[in-house]
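Protein chains in written order, with this note's numbering: chain A, 1 to 314; chain B, 315 to 603; chain C, 604 to 843.
Don't read these hints as lab results, they were simulated from the structure.
These figures come from a predicted structure and were not determined experimentally.
Backbone N, C-alpha and C fix where the C-beta goes; we use that ideal spot for every residue, glycine too.
Keep in mind that the hints are not guaranteed to be accurate.
Listed below are several chain B residues computed to face chain A (Cβ distance under 8 Å; list not exhaustive) [to be verified]:
(1) Val349
(2) Leu418
(3) Ser422
(4) Val579
(5) Leu585
(6) Leu586
The list that follows gives simulated cross-link-like pairs (lysine-lysine, BS3-like), each with its CA atoms no further than 30 Å apart [claimed, not checked]:
(7) C:Lys818 <-> C:Lys805
(8) A:Lys181 <-> C:Lys791
(9) A:Lys209 <-> C:Lys715
(10) C:Lys818 <-> C:Lys631
(11) C:Lys723 <-> C:Lys805
(12) C:Lys791 <-> C:Lys723
(13) A:Lys181 <-> A:Lys8
(14) C:Lys631 <-> C:Lys805
(15) C:Lys723 <-> A:Lys181
(16) C:Lys723 <-> A:Lys179
(17) C:Lys715 <-> A:Lys8
(18) C:Lys715 <-> A:Lys181
(19) A:Lys209 <-> A:Lys179
(20) C:Lys715 <-> A:Lys179
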Amino acid sequence: MTARIASKALVVFLALVALLAVLPLLGLEGYHLRLLSLVFLWISLAGCWNFMSGYTGYIDFGPVAYFGAGAYATAILMIRLDLPFPHSLALSGVICALLSAMIGWATLRIRGAYFAIATFAAAEALKQVSLEGDRVAGFEFFGGSHGLTLPPPPASEFFYYTLLGFLVLVVGISFFIEKTKFGYGLKAIRESELSAELSGVPTLALKVKAYILSSSLIGCLGGVEAYWLTYIIPDDVFNVMRTIQMVIMTLLGGMGTVWGPVIGAGFLTLVAEFLGAKFVYDYLTILGVVIIIVILVLPRGIMSLVKGKRGEAW
Amino acid sequence: MILFLQSLINGILLGGIYAACAAGFSLAFGVMGIVNLSHGDFVMLGAFVTYWLFVLLGWDPFLTLPITLTLLFFLGLLLQKLTLNRLTGAPPIMSYLLTFGLHLVLSSLALRAWTADYRTLNPSYAGLNFNLFGLVLPYSRLSTFSLALILIFGLYLFLYRTEMGRAIRATAQDGEMARLLGIRIFKIYAVTFAISAAITGVAGSLVAQTFVVYPQMGLPFTVTAFCVVVLGGLGYVPGTLFGGVILGVFESLATTYLTAGLSLVLTFLLLLVMLILRPGGVFGKGALE
Amino acid sequence: MNLLECREITKRFGALEALRRFSFTLGKGEILGLIGPNGSGKTTLFNVLAGIYRPDEGEVVFQGLSISGMAPHLICRRGMAKASQMIRPFQEMSVLENLLVPGMYGGRLGFKQAREQASKILNLVGLEGLNDVPSREISLSQRRQLELGRVLMTGAELLLLDEIMAGLNPTEVEGAIRLLLRIREEGKTMILVEHVMQAVMKISERIVVLNHGEKIAEGRPEEVAQNPEVIQAYLGRPYA
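Modelling step: build the complete structure from the supplied sequences, incorporating the hints.
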């Protein structure tokens, strides 16, 4: 994207954000307020997933691990330690950072396939911990399949603004990545990791950093969702559907770009909402077909159309 | 002591099946560099083919193996020609995402067709056991284990003793060179993937006789295949037998002595440890790059 | 002090000994040619030097420090960088952007400095004017020029050039030779692995010949060309 288009897009974005910030004061409420909050959540999630998978090319198939971990961490901190929400959220982010540092360091030293499946396995393992942990350990902590109930949340506007804030943060970080040394390093890893290594790029360190960044923010978003829903169960916050949607939103919009996740997530959340729960079985089939078609026909997503080149992926 | 031995035996028998599930995965990876995230769905489809032939036509699960083999062979061929073929030369990311899409389609179509009900295969000899010094060895497990061994050994013979097998190995080692030698690598890729699907389908038949069958069973088996391959070495087919047995024994012992509930967690930790300490597998012959 | 010293380097792949007790030294400012038939171990040696492989025995000493087994990116930052015909550019980036990565990471330059330096290097290697061209659109010989630019941007003192003339036509080879001589004037030390004999013999001050992982000859190009063992190693293919 040329600099001029990029800054035009930025101006439009900021104007939209300002407008969105003002809407509740103008009377936006109820269903529409919550719908927009959901859009903000998914754009943020897709954007975070993009930090890692879009920019480094190492596909993370287990981001929901941190979403769930963050949800549970926030819930447990608030319920059992009586910590206020902001503190719980921050601490959840730290916990997810530590967890992802460990898993990332172990799995990012070899080819992407290992990372892809190991992250998926991690998500399943964490889900199992939340389901079976209590029974094995012998005391009440995770709540098993009954889940956990959080303290009563504030009004919907709180979540609207919190999630809008996260959206701005995530987009801001994407911009930062695009324009700085860190971003160039990540992109070099994606394009040609050996060449990057031979150019002095500390590839493992950068990959792990990107993974920690992505995962800790996803964890925070999980915490927000937990507080918003008030009631969390493993099958919901560790549900592989969340991973699938993050993948497809970013893929559709354009991986490794600033606006790709925004477009993809915004579009898909609204489409899913309007199609309702009508096509449950078919929804997955359709998603699968969409992924296949996008890979074969438009691997760079919608953004490649915007940029004016279809772009072969290789 | 008896408990330990029983657990060990169970693990070994289980491991044979795991190895059979993973052999196709290792083959597709070794030859085409494709990590097939829909791999487990071939297990699922093989299991269902066996199940329906048994339930609807009364045909014994062991006798229908050739049918499963053939059906899955052609399915694999079809999928490869339609989709994966276009990804030759693409960065691996593309194949992860594409095969992930395939997984979604296959598992959700199966769900649509057959509902989420759990099903079990109950041939007449299902509950019969062989007793050896107080150890229980179910007939069906013994036979599935033997078949798994035959399957892997057969694959090995195919790869090392037949012309097609040699062509496949040549392509795996050096695609450019293979092409210069007159080997039509696109045909090799198609056949390799089809073989991978076929043997995985047969493994699925074996699975159907041991485990519960349901449309979403695929993904856990993809993860299992992956674990076996990490243990045995990615791309190293002989290693899959040992990888499978190690995983089987590990899970069995962990379930008996630690806890059944956290088996996934323990397997994941095993995976992490392997990746940190010995990513090339127990024999160190796995592909890392 | 020698810039680079290889002491009895041995590298095995399973039963195959790709390098066997290989030793040599290199002084600052030298251009050394490394030749040998296919499979003689040249690429393996470069990979050991660049940190991609760890030697099974022996030591690599660069600027007085043992670097055997050090990670490639650290070796690059220390001042030894490898350029290869196999390496693709960062395809989503423009020609100039391709040079930012080695500049900022290997060369430890700031963003702005890297941009300036990249422009200069593009001029040096003959790619001036192509700054904003997407790097996937440039020709083969331009890619080689870019690859040279990449290693220059790392600020490395010692350049390992792995068959960078492969596939170039005679005019392009002449251009490459001129470029390498210009680079030497900048004070760089180079080791060249090449099959393009005419180029290696012309530009190297000293030649080392490898066969089956062992050094079989070392000396000035004229001497080495007459060496019967060398000629035999190449199965009688004479130096034209």
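Now the hints, each set against the structure:
1. Val349: With a minimum Cβ separation of about 4 Å from chain A (threshold 8 Å), the hint on Val349 of chain B holds.
2. Leu418: Leu418 of chain B check passes; min Cβ-Cβ to chain A is 3 Å, inside 8 Å.
3. Ser422: With a minimum Cβ separation of about 4 Å from chain A (threshold 8 Å), the hint on Ser422 of chain B holds.
4. Val579: 5 Å, holds
5. Leu585: With a minimum Cβ separation of about 6 Å from chain A (threshold 8 Å), the hint on Leu585 of chain B holds.
6. Leu586: OK, holds: Leu586 of chain B within 8 Å of chain A, min 5 Å.
7. C:Lys818 <-> C:Lys805: 21 Å, holds
8. A:Lys181 <-> C:Lys791: Measuring from Cα to Cα gives roughly 26 Å; hence the hint holds.
9. A:Lys209 <-> C:Lys715: Between Lys209 of chain A and Lys715 of chain C the Cα gap is close to 24 Å, so the pair holds against 30 Å.
10. C:Lys818 <-> C:Lys631: Holds - the C-alpha atoms of Lys631 of chain C and Lys818 of chain C are around 21 Å apart, at most 30 Å.
11. C:Lys723 <-> C:Lys805: Holds: Lys723 of chain C and Lys805 of chain C sit about 27 Å apart, inside 30 Å.
12. C:Lys791 <-> C:Lys723: 16 Å, holds
13. A:Lys181 <-> A:Lys8: 23 Å, holds
14. C:Lys631 <-> C:Lys805: 19 Å, holds
15. C:Lys723 <-> A:Lys181: 20 Å, holds
16. C:Lys723 <-> A:Lys179: 21 Å, holds
17. C:Lys715 <-> A:Lys8: 23 Å, holds
18. C:Lys715 <-> A:Lys181: Holds, at roughly 11 Å.
19. A:Lys209 <-> A:Lys179: Measuring from Cα to Cα gives roughly 17 Å; hence the hint holds.
20. C:Lys715 <-> A:Lys179: 12 Å, holds
The structure is consistent with each of the numbered hints, conforming to all of them.
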